[in-house]
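There are 2 protein chains.
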Amino acid sequence: MKIIIVSHGDFANGILSAANMIVGDKDSVKTVSLKPLDSPDSLKERIIKNITDKDNDYIIFTDIPYGTPYNVVCSLTRDYKFEHFSGINLAILLDAILSKDTMSSNDFIKKIENNINDYFMNPGNILKDIDNDSLCMEDVFL
Amino acid sequence: MKIIIVSHGDFANGILSAANMIVGDKDSVKTVSLKPLDSPDSLKERIIKNITDKDNDYIIFTDIPYGTPYNVVCSLTRDYKFEHFSGINLAILLDAILSKDTMSSNDFIKKIENNINDYFMNPGNILKDIDNDSLCMEDVFL
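Residue numbers (this note's numbering), protein chains in the order written: chain A, 14 to 155; chain B, 14 to 155.
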């Protein structure tokens, strides 16, 4: 699958910079950013440029449900074929990058939805019961 | 509560730039970034500078469980008082900004955990059943 992130401001490039520090795979993800003076139509044109090859399997991540990037991507569903998931975080992006060559966008969306709690953690809930060091893994710096 | 985001690369500043485009509240959130040549100790020192006032109620968001920001924040739990949630996305950050004057960090963490699915959306699942336009709300550009 081909991965595209559409966001307000510098979110898309920022989350990709974090992913690149961990997996060093900077060329496999496209980003499209809505800047303060951009119109929704200009955003739409820039997204379309990334999803025109009908032989590719696209997954588009947007930053937040009901924001402009989300709404513009929704408006493209009639004319272009892709999967859309809104509310990306870094764990989801990394999993997508590591799965892009082996999973379809449709299967990946199902994986996120079936395992949503795997992409978050409140360490406090766990640290109450076990030794602090065993969870923090301070020697493992990703 | 006081909000701090700790991340790899430009993720923290990027997600904050997106939040600022929506709520325009750029001064209420602190960011601490781990750049490629930074050591965990320098990251730790920069985080500590933001959590030294014992009269404040701090919530620290990190980008991904078991990454360096997460591990460094975990290592501070013995000596500093704060809540920690890892895996932030834009909807969670916006909700935190809008809740910072009325909720404690502990109550906010519980709210996220009890309503985690509210912070994500796969429009495809919903669009199968209802009219496309009614969900996309193309006239509402946040």
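I should point out that these hints are in silico values taken from the structure, not numbers from a laboratory. A couple of the hints might just be wrong.
Intra- or inter-copy, both count: the list cannot distinguish identical chains.
[As the list claims (entries may be wrong)] Capping the alpha-carbon separation at 30 Å, the derived lysine-lysine pairs in DSSO-like fashion look like this:
hint, residue 1, residue 2
1, K67, K43
2, K15, K48
3, K48, K113
4, K113, K43
5, K94, K39
6, K57, K39
7, K43, K123
Now for the hints, and whether the structure bears them out:
1. In this homomeric assembly, K67 and K43 come within 30 Å of each other (Cα to Cα) only inside a single copy, at 17 Å, whereas the closest approach across copies is 43 Å.
2. When the C-alpha separation of K15 and K48 is checked against a cutoff of 30 Å, the pair qualifies both within a copy, at 23 Å, and between copies, at 27 Å.
3. In this homomeric assembly, K48 and K113 come within 30 Å of each other (Cα to Cα) both inside a single copy, at 28 Å, and across copies, at 26 Å.
4. Taking identical chains as interchangeable, the C-alpha atoms of K113 and K43 lie at most 30 Å apart only when both belong to the same chain, with a minimum of 13 Å there against 33 Å between chains.
5. With identical chains, the CA atoms of K94 and K39 are at most 30 Å apart within one copy only, with a shortest distance of 24 Å there and 37 Å across copies.
6. When the C-alpha separation of K57 and K39 is checked against a cutoff of 30 Å, the pair qualifies both within a copy, at 23 Å, and between copies, at 27 Å.
7. Taking the shortest Cα distances, K43 and K123 sit within 30 Å of each other inside one copy (22 Å), while across copies they are farther apart (34 Å).
In summary, the structure agrees with every hint in the numbered list given earlier.
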